[in-house]
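With the hints as your guide, set chain Z onto chain Y.
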Amino acid sequence: MSGPAYNFAYLNEQTKKMVRRAILKAVAIPGYQVPFASRELPMPYGWGTGGVQVTAAILTPDDTLKVIDQGADDTTNAVSIRSFFSKVAGVETTEDTDSASIIQTRHRIPETPLREDQILVYQVPIPEPLRFLEPRETETRKMHALEEYGIMHVKLYEDIAQHGEIATSYAYPAKVNGRYVFDPSPIPKFDNPKLDNSPALQLFGAGREKRIYAVPPYTAVKSLDFEDHPFSVSGWDKPCAICGSTTSYLDEVVIDDQGGRMFVCSDTDYCKKRRPA
Amino acid sequence: MYVAVKGGEKAIAAAHKLLAEERRGDSAIPAISTAQISEQLSLGVDRVMNEGTLYDREWAALAIKQARGDLIEAIFLLRAARTTLSRFGYCEPLDTSAIQAKRRISAAFKDIPGGQVLGPTFDYSHRLLEFELDAPPPAEVAAAAEAVAMPRVLELLGHEGLIEPASASDAAPGDLTEDPLEFPASRDLRLQNLARGDEGYLLALAYSTQRGYGRSHPFAGEIRHGHVEVSFIPEELGFAVTIGEIAITECEMINQFKGSGGVPPQFTRGYGLVFGQCERKAMSMALLDRSLRAGELGEERVAPAQDEEFVLSHSDNVQATGFVEHLKLPHYVDFQSELQLIRRLRKGGEKP
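Residue numbers (my numbering), protein chains in the order written: chain Y, 1 to 277; chain Z, 1 to 352.
Among the clues, some could well be false.
What the hints assert, rightly or not - Calculated cross-link-like contacts (lysine-lysine; reagent style DSS-like; alpha-carbon spacing at most 27 Å): (1) Y/Lys210 / Y/Lys194; (2) Z/Lys258 / Y/Lys175; (3) Z/Lys110 / Y/Lys238; (4) Y/Lys222 / Y/Lys189; (5) Y/Lys155 / Z/Lys258; (6) Z/Lys10 / Z/Lys65; (7) Z/Lys110 / Y/Lys273; (8) Z/Lys110 / Y/Lys194; (9) Y/Lys222 / Z/Lys258; (10) Y/Lys189 / Z/Lys110; (11) Z/Lys258 / Y/Lys189; (12) Z/Lys110 / Y/Lys272.
What the hints assert, rightly or not - Listed next, with one range per pair, are the computed distances between beta-carbon atoms: (13) Z/Pro184 / Y/His163: 24 to 32 Å; (14) Z/Gly298 / Y/Lys17: 49 to 57 Å; (15) Y/Asp237 / Z/Pro184: 38 to 46 Å; (16) Z/Val302 / Y/Pro217: 36 to 44 Å; (17) Y/Val154 / Z/Asp70: 44 to 52 Å.
Keep in mind the hints are simulated off the structure, nothing from the lab. Treat the numbers as computed from the prediction; the structure is a model and nothing was measured. All C-beta atoms, glycine included, are put in the ideal place defined by N, C-alpha and C.
Bound conformation, chain Y alone (with noise of 0.2 Å):
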């Protein structure tokens, strides 16, 4: 037996020119989930085919990779996606986000502010924002297309009145361009600023649920709120243990089993450059 060769960044031609006809149709429509026809890749669904079959789609032997999972380079999953796109498209790939063109990321968004010469994709677990409030997809896209809302609202509202505050901290919904409400994928609420007005075109694909949105450069985010209870995230009481930034988002790391914990950036690359030297 012997095995095929690999075309391009694993995907056939069609099949990519497919993928860039969904991307094409949600940059245009900001926030709006297209369906397209996710394919099987090498990796299990659930561990970013989607946010792979879009990287695949777009891009091009020039491209610089970097792939984050966590805001980690080194996480497993991280690791293995970036070593599948040299092997099947021989990309050059970094761990500098400034020296990046795209972006793949799992549940973060870097921490260095991105350019417009650069594309983030996002691997999406549930692309759907109302799902836990209404299982049946029929039903969500009916909501989506009359811009009917409500229950999310009332979902909010009764965290408020139950907790005096909003019970959702990653997967925050956001309402993109005034029009979609959008789930930004597992990204912590700490993140949501970063999808406001960015630079970066911002694309999300969701393989095992066949969905990509998009949010195009430059496009207002608005997180959901109500006025007499804004938007608004938290930090932590301490600057990371390495790098000693307050700004960052930090993992809460477990030294022993006696309840010692240390606090580090989750975004590994952002730490590495602001160490003392």
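Chain Z alone, transformed into the frame defined by chain Y:
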């Protein structure tokens, strides 16, 4: 002609002969040994031991061979063999904290005391067919990891009271292989039912909770796989002796819970434990354990995965395959009466 149901003895004998021939396949190709199955198709063996509820690699491998690789048929064979064994008692609870871990991961924390150990896993492999596997070079032997203390990840959260304590009870657990299941079922019986349940069924139901049908906000707090000792207290001795070692996979899920009544918001637990390295099954089990606790935690039961009677009544694939496939049995008599009925009704319907 199919009329030959009477005098079917000859037909059955011929069918079995054909089955034996098909099972052997092309006799020019060497027959596979059960030792090869046990060693090289070990995850299939693990699955058959789980759902067959009998920890015996040799028998499970034989069952797979006999069933031509049909795992549900193999599970059925192993269950039937299990029936023939006499039971001499229950072992002491397994101490999974003392596991000799081959694999141990947490998705909740980046690093944990004792470390993250990937071990033998398909995770992070690219699913590209390895054509060279057909004639492989000798495998390199990986160095064995040194044993280090691995405190339970969920207990680390327990120090701060952020997670509910693990339920502990000295009451003897139930056994649904000894007493028929009644509803509502206690958690021990639910877990036993899930441990015996079909992997695909558990997977699909667990998946449904992730897609909005009874959501439970899960995080894989800790998954560990390795060997644990089994000990038993013989009546005549009165103290525990180790009688062997089994491979297991344990999964502890951390789930969100927003509090209700007098209970403050805290994380809750879902638990899965299986033989061998059936990690997918252990995770599915932990998700379903948690979703089936809806009643106890005061959550509204709206989805199939929260409906104990639905979940537990349909999980057993030996029962399920038996009943679905029994439709192949003759039903001439019932069908005849239905034919008569429908003809009669249609005649009635033609009346002006």
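**Study point:** Violating hint indices (sorted, rising)
**Key:** none
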